[in-house]
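Chemist: Work out the full structure, taking the sequences as your base and the hints as a guide.
Residue numbers (our numbering), protein chains in the order written: chain G, 1 to 371; chain V, 1 to 263.
Not one of these hints is a red herring.
Mimicking DSSO-like on lysine-lysine, the simulated pairs with C-alpha atoms at most 30 Å apart in a straight line are:
id, chain 1, residue 1, chain 2, residue 2
1, G, Lys-346, V, Lys-233
2, G, Lys-202, G, Lys-346
3, G, Lys-132, V, Lys-115
4, G, Lys-236, V, Lys-233
5, G, Lys-55, V, Lys-115
6, V, Lys-229, G, Lys-236
7, V, Lys-174, G, Lys-236
Partial pick of chain V residues on the chain G-facing surface, computed with a CB cut under 10 Å:
id, residue
8, Tyr-56
9, Met-73
10, Thr-75
11, Asp-243
Selected chain V positions facing chain G (in silico; Cβ < 7 Å):
id, residue
12, Asn-76
13, Gly-107
14, Gln-141
15, Ala-145
16, Asn-152
17, Gly-155
18, Gly-159
19, Asp-170
20, Gly-171
21, Phe-184
22, Ser-234
23, Val-235
24, His-237
Because the hints were derived from the structure by calculation, they are not lab data. Each residue gets a CB set at the ideal place from its N, CA and C atoms; glycine is no exception.
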Amino acid sequence: MKKIGFLLSVGFLVFVSSCTKENGAVPDNGGVYNPTIVDPTEIFPAEFGMPLLPKDNPFTEEGIMLGRMLFYDPMLSIDSSISCASCHRQEYAFAEPLDKSVGFRGLRASRSSMPLFNLAYHHSYFWDTRVKTLRELVFEPIQAHNEMAMTLPTLRDRLKRNKRYVDYFKKAFNHEPNLHDMSLAMEQFLLSIVSKDSRFNKFFPGDDLSVLSPSELRGAFIYNGLIEFDDNGVTKGADCFHCHGGELSQQLNASMGGIASNGLDPEPVDLGVGGVTNRNQDMGVFKAPSLLNIAVTAPYMHDGRFQTLEEVIDHYSEGVNFDHPNIHPQMAAHGGMQLNLSKQQKEDLIAYLKSMTDSTLLVNPAYSNPF
Amino acid sequence: MHKNRLILQTLVIALAAFSLSSCEPEDTDGGSGGWNTPTSQLELAFVGQISDEPLYAIGQDVYKEKSHGEYMMVTNWSFLMSNLALVKENGDTVQLGDGYQWADLTGTRNVFNYKGIPQGKYTGLQFTMGFDSATNHGNPQVWPADHPLNPNMNGLHWGWSGGYIFQAMDGRYKENENATPGSFSFHTATMQFVTRYFLPIDLTVSNDKHRVAVRINADRFFGGAQPIKFAEKSVSHSEGDHDELLMRIFLDNSLYAFRINEE
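Modeler: Here it is, written out as structure tokens:
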């Protein structure tokens with residue numbers, strides 16, 4: 001990742017410097033630019049496997065950089081005050097420390113902003129999984145009245161009038177600025193954000209247990225252990241892994257726990273996925289996020305109700321509402337008994353969760369503000 | 001050790017690919033009938049049901065009655081197959097694709113199209129729920145992003161070398177129509193629970209495109225000779241004495257849960 005980060009940074013500097021010259025980069029004889037293709041194997045680590053990438057939007061250095069510029073540009077909001085990065089801040093794994101984001105004229109978003117990394121592996125986006133591609137996703141906050149409040153004709157005109165974007169769109173797509181290419185560029189940038197350098201990710205292959213401290217290792221066994229109560233009502237496992245398992249610390253199959261109710265409330269308050277599908281079994285159900293970088297993405301849950309990891313663990317230990325009509329079966333299939341984890345178990349679990357922080361993601365220059 | 005598994009896994013895939021390509025026209029993705037045999041298309045659907053009714057129907061109660069007067073609702077039902085093949089009258093098999101498939105009965109992935117099916121008469125469909133040990137415990141990331149065995153797609157891998165979950169069926173139940181719901185979860189895994197299925201069919205593949213539907217009744221996994229009462233036993237992850245016994249009953253019952261017909 002350091003390598004690709006370095007290459008992208010160097011590439012960006014070369015790109016910017018070339019574009020800021022009077023005449024810009026020179027197209028070929030036919031007046032066509034040839035964007036520099038980026039091999040996905042340079043972006044995605046072998047241990048994660050190769051994600052299913054959009055075939056009609058190959059990575060190019062120019063496309064990724066254009067997407068990165070757009071991501072950080074407040075020009076995308078109606079009053080030029082808010083960029084995507086306003087609510088998705090790199091130092092917080094592209095989430096933010098608010099329960100609900102503050103948008104146009106101080107209006108609040110309806111849910112907390114989700115972190116942005118390893119999105120190439122996701123099959124749907126947002127807490128309610130309402131969009132299936134990142135090129136669709138980008139238009140949602142841009143147009144939301146309580147986020148960036150932009151209108152698409154205005155945005156298109158702004159991009160067309162901006163000399164910098166006229167140049168960059170030409171270099172990336174050989175077109176004048178348009179909203180479709182804008183969404184493709186932002187898709188490329190968002191797909192390129194990868195988090196893989198946490199100690200958890202070094203531990204996960206299982207070949208070197210010494211990567212983790214004794215407390216973290218105990219936490220790993222609790223996290224990945226099944227719930228089985230002994231005669232004293234004690235369970236060694238908390239079964240976190242069904243919804244937050246694998247190298248990505250996330251279940252990607254919606255049916256297998258990728259979307260779930262975790263019993264936050266006795267009945268659905270926010271409809272979540274059910275608000276999109278209108279199916280009874282989806283009411284109050286939400287996407288289960290990756291727990292990579294969880295220590296830097298507080299507050300937690302779709303409504304940011306928990307401020308600390310301790311509060312989160314307390315919920316799963318003794319605060320689950322088993323009455324929720326759509327609580328995930330993995331959580332409730334044990335007779336609706338609270339886990340009642342010990343103080344030591346909770347501390348170990350939290351230690352393990354903290355091992356999932358990828359500090360390189362938080363400062364990686366390949367993802368940082370280019371302006 | 002890890003590297004050896006990876007090499008073995010790669011070798012198995014390479015051998016499988018060679019054996020397929022050596023007996024198939026290049027423009028087909030299924031069948032092994034030889035160069036001169038006319039071929040046709042097959043649409044194979046796996047349809048989840050409870051008591052012969054759809055798993056879900058908009059506007060209806062999703063709970064359906066099962067054995068012991070209990071009611072059940074399935075929220076998740078996926079399974080992984082290997083050796084998926086049509087069986088000819090003489091016992092020869094025509095492998096469908098590379099023989100692997102992932103059916104998600106509660107999602108949107110349950111209909112599969114195969115080209116290049118040799119024309120002729122077939123008497124059965126066979127598949128194995130689960131894999132050989134090398135595949136099960138090999139590096140799952142060797143599979144392409146869109147392959148049924150890629151864990152980022154199917155979400156059916158334990159992680160590390162724990163292998164795959166061959167089948168996951170989760171849902172909710174009520175002891176009676178008005179009772180407070182509980183949950184059930186049955187996850188089939190480990191080599192001892194690899195299960196082969198043979199479904200008899202009278203299918204003559206001709207010029208036309210054929211559609212074959214495999215209907216699977218979830219309630220029959222918990223009924224039959226050894227009914228499972230959720231109020232007493234509702235969880236098995238295939239490991240440990242209790243879970244292994246329950247999984248064996250679940251799978252024995254499953255042999256009566258499949259129906260197949262041409263549509």
